[in-house]
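Asks: One letter stands for each residue in the lines below.
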Amino acid sequence: MTRDDRHADDHHPGELLDAWLDDRLEADERRRVEQHLAACERCRLQLAVLRATVAAVRTGLPTPPPPPGLAARVGAALDAEDARSGDAAVAPPSPPLAPSPIRRPAAVPRWRWALAAAATVVAVAVVAYWLGSGAAPGPGVAPAVTPGPPRSADLVDDFDAAYAELERGRLPAAFETADAGEVENRWQRAGLDFRARVFDLEAMGIHLAGGGATTVGGRRAAVTAYRAAAAGLLACWMFEGAASELPGGAEVREHDGFEFHVYRRGDLTLVFWQEGDVLCALAGRGDPEGVLDLAVAKAMAPTAGRAA
Amino acid sequence: MTDQARETRRRAFEAEALPHLRSLWTAARRLAREDADAEDLVQETYLRAYRTFDNFVRGTNSRSWLFTILYSVFINRYHRQRRAPESRPLEDLERQPLYARDGEDWEAPFLAAAARGSWGVSGTVEAALRKLPQVYRHAVLAVDVEGLTYEEAASALSCPIGTVRSRLARARRQLAAELADYARDLGLTGSAHA
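Chains as they are written, first to last, in my numbering: chain G, 1 to 308; chain Y, 1 to 194.
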């Protein structure tokens, strides 16, 4: 085979490899590419290169923390916009790109919580730095504004069922490991490209049992399972989603800018909370407050080194 | 609009848009090299989003919506104002062969370095990305890093979907070749080009 064979032509997929990788092909086209891949070593090599490149760029870029005044500055710009649209005669013109002072006279600045939230998100992002940032290209053809993942009839039921599967020992053997790095590698190898992390719960006597990439209710999720002598199985999923997709009936607890949505299914407690674009779910039996406390502790876990 | 309606709208906007502040900042910082430009970009994105919030369909992906605005603001404002001349004209780039570095066996050392996690070396990926023509860099950032769909990227980058696809394909291959160079220069691969 000559080097020229690698150019896109009648025989080699060329750009279609990218489309295949991004899940952008119709079924028949996808089949053709896959048939070609099965027979062509050079294209398989190219595909491996593409996949590694996408993984590198997704995980290898720095994520510098935002400057401390940014949230306040944005808030002030929105205040100015409100004032302008509310009373054009009174409101001063708002130069959109000029750094605007905070003019809001209210005693409690509306953006105080945003600052807190931003700081927490920084911490979360730093913990998950190794995973880089950014979400996956959504598969399939989508309109300019893409709907999120399809709503499940009841997200909580999906995770209730997923927990039961894990508890029945159906954690695939391949998922079992006590090595957090190995779990993270599995997520990476599976192409999970949202922020996820393994909790270190050793200090609480809770040990990592395994983890990997999974699907719950049609959503790709990073799952980790932990075991504690007292509490049995504890499972955590992280997946792309929004708290707004959660069903009603939650008890909502707030801690430092995080909202924890607590559901009870029998003696199972499921706690959901949002970390950026990722929705986290923690499930365990036993003391519901214990599960919630764990979620609170880990959602706000201080980050080593880079957090400050 | 009454004060109360404005307040409700503002709260709804904040609930949708604020959780993305940090990721918008990160994206802005990747597009604009200077912090000051990135701050302007984030502020302008929020303002633009706030002004058009009534067009946003609740329950859809607010992250994609905001990122599309961010890219669009950048491309239309900062980028056009301040862009450095491309080393090659755009038309030339579009005609460039798919494989930036044909005739060299760089793939195997590249994959060896990737398997070793060599890109963890500080700044390696960023430096490689900076070497790409801007239109390629933007395609990679929008789709591979920020996760926009091809359609969203096309809208954000003001170009047809086919152009996104083609730029992305070339950008990825060129980026791989640049990374292979870094790996070789840093001795990460343990071997030079074959």
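Because the hints were derived from the structure by calculation, they are not lab data. Bear in mind that the values here come from a model prediction, so they are computed numbers and not experimental data. Any given hint could turn out to be false.
Partial pick of chain G residues on the chain Y-facing surface, computed with a CB cut under 8 Å [claimed, not checked]:
1. 61
2. 63
3. 201
4. 203
5. 206
Beyond 12 Å from chain Y on every Cβ pair, some chain G residues (computed) [as the list claims (entries may be wrong)]:
6. 14
7. 24
8. 64
9. 179
10. 245
11. 250
Where a beta carbon is used, it is the ideal one built from N, C-alpha and C, also for glycine.
Asks: Hints first: check each against the structure and report whether it holds.
Replies: Consistency of the hints with the structure:
Below 8 Å, beta-carbon pairs count as interface contacts, and residue 61 (chain G) has one with chain Y at about 6 Å; its hint therefore holds. The beta carbon of residue 63 (chain G) is positioned within 8 Å of a beta carbon in chain Y (closest approach about 5 Å), and the interface hint is therefore held. Hint status for residue 201 (chain G) relative to chain Y: violated, with the closest Cβ pair at about 26 Å, above 8 Å. Here the hint on residue 203 (chain G) is broken, as its CB sits about 27 Å from the closest CB of chain Y, past 8 Å.
A cut of 8 Å between beta carbons decides the hint on residue 206 (chain G): the least distance to chain Y is about 28 Å, and the hint is violated. Against the 12 Å criterion, residue 14 (chain G) falls within the reach of chain Y, whose nearest CB is about 5 Å from its own CB. Residue placement check: residue 24 (chain G) does not keep its beta carbon more than 12 Å from all beta carbons of chain Y (closest about 7 Å). The beta carbon of residue 64 (chain G) is not kept farther than 12 Å from every beta carbon of chain Y, the shortest such distance being approximately 6 Å.
For residue 179 (chain G), the requirement that its beta carbon stay farther than 12 Å from each beta carbon of chain Y is met, with the minimum near 15 Å. With a least beta-carbon separation of about 9 Å from chain Y, residue 245 (chain G) fails to lie farther than 12 Å from that chain, contradicting its non-interface assignment. At roughly 16 Å, the least C-beta separation between residue 250 (chain G) and chain Y is larger than 12 Å, which holds for a residue marked as non-interface.
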